[in-house]
Amino acid sequence: MDSVRYDGERRGHRVPIALKILVAGGFGAGKTTLVSALSEVRPLQTEEILTGAGIDTDDLSGVETKSTTTVAMDFGRITINDDLQLYLFGTPGQDRFWFLWDELAFGALGAVVLADTRRLADCFPSIDYFEQRGIPFVVGVNCFDDSRRFSLEAVRRALDLDPDVPMVLCDARDRQSGKTVLISLVEHVARQRGEPVPTA
Amino acid sequence: MRTDLPGHRHEWLDDDAGPVVRPYTLTGGRVRPSADGFDLVAYVLAKPDPDLAAYPELHPEHRLLVELAGRGTPVVELAADLDLAVGVVRVLLGDLLSRGLVAVHQPPRATYLPDNDILKAVVDGLRAL
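Quick mapping for you: the protein sequence lines, in order, are chains F and P. All the letters of the first sequence, read from the start, carry residue numbers 64 to 263 under our numbering. All the letters of the second sequence, read from the start, carry residue numbers 190 to 318 under our numbering.
This is chain F alone, in the form it adopts within the complex:
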């Protein structure tokens, strides 16, 4: 593991490996719900700051009249064991916050794209994003109570998905269902690396 400056010693502390998984999809597709269902702690929220002045400059002094604003990110945690933690990040729902995605996506293990069959096109930007960057992803088709059930094949055709990309029906409110989606993602990552995880 890389460490920055300092002596890098752990001094008796275990520093777990933290893996990032992104949860993406259109507004209202169930991202926050899925993160909540899976997180072992109440989902936390943090903010990133957007400032027209701040993006390309190093210093805000002297620009007191410029306004800044913030975008909230939801995240949750799953402790696998003492050495391994998963962090789930709900991606900000609007395309214009793409630069937050870039930071979230850096070093991420992979992503879950939640699709809402009532508004399938809403997840196109997420799928494009991960395809273009070569980040492994699975599509979770969130089954809302009032949505028509489509066959997975029909959804796959509508999304024009690569045949290798797993699709899973899921209920974002249900922890077991969410776990199934994450497992399919990790297995997909392993397959892509040519080292499939043996099924238990």
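Don't take each hint at face value.
[Unchecked claim] Selected chain P positions facing chain F (in silico; Cβ < 8 Å): (1) V230; (2) P239; (3) L241; (4) A242; (5) A243; (6) V275; (7) L308.
[What the hints assert, rightly or not] Label pairs and their in silico Cβ distance ranges: (8) F90/F x R221/P: 53 to 59 Å; (9) D146/F x S287/P: 26 to 32 Å; (10) R221/P x R236/F: 39 to 45 Å; (11) F187/F x R316/P: 27 to 33 Å.
Think of the hints as simulated: they come from the structure by calculation, not from any bench. Positions of the beta carbon are idealized from the N, C-alpha and C atoms, including for glycine.
Chain F is fixed; fit chain P onto it per the hints.
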């Protein structure tokens, strides 16, 4: 805090954009940390028994960060615990790093890690939840 904008409208600001804040007051206007490498899930670990009295220039938020990082905490959780934006926390952590008060452990780059053993452990761990 939501403020009415004087003068021109800012392209980022509308009802969806969230509250308008001046969060960088705490950092004296600095928006870049003194060191790169504070990934959202990088673990910050405070130096054991830090002598904070030797650094009167540090803000209460710096001191809280050192306290919270005593047990090793990822950047994003520090930000959530302090209810500060991640960008602000990064600047404050840079101050602490340059004084040797914290160490930062970067997460593995997913391009070459995790190896298959880790992926298997994740799958097994998820199944067992």
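Structure-based check of all given hints:
The restraint placing V230/P at the interface with chain F holds, with a minimum CB-CB distance near 4 Å, inside the 8 Å limit. Given the 8 Å rule on beta carbons, the hint for P239/P is violated: about 12 Å separates it from the nearest Cβ of chain F. Residue-level restraint check for L241/P is violated (minimum Cβ-Cβ distance to chain F is 16 Å; threshold 8 Å). About 20 Å separates the beta-carbon of A242/P from the nearest beta-carbon of chain F, more than 8 Å, and the hint is not met.
A least Cβ separation of about 16 Å between A243/P and chain F goes past the 8 Å threshold, and the interface hint is therefore violated. For V275/P, the interface hint holds, since its Cβ comes within 8 Å of a Cβ in chain F; the closest pair sits about 5 Å apart. A distance limit of 8 Å between C-beta atoms decides the matter here; for L308/P the minimum to chain F is near 5 Å, and the interface restraint holds. As the Cβ distance of F90/F to R221/P is approximately 31 Å, the hint placing it in 53 to 59 Å is violated.
About 29 Å separates the C-beta atoms of D146/F and S287/P, a value consistent with the hinted range of 26 to 32 Å. Remark: the range hint 39 to 45 Å for R221/P to R236/F is upheld by a beta-carbon distance near 40 Å. For F187/F and R316/P, the hinted distance range of 27 to 33 Å is satisfied, since their beta carbons lie about 32 Å from each other.
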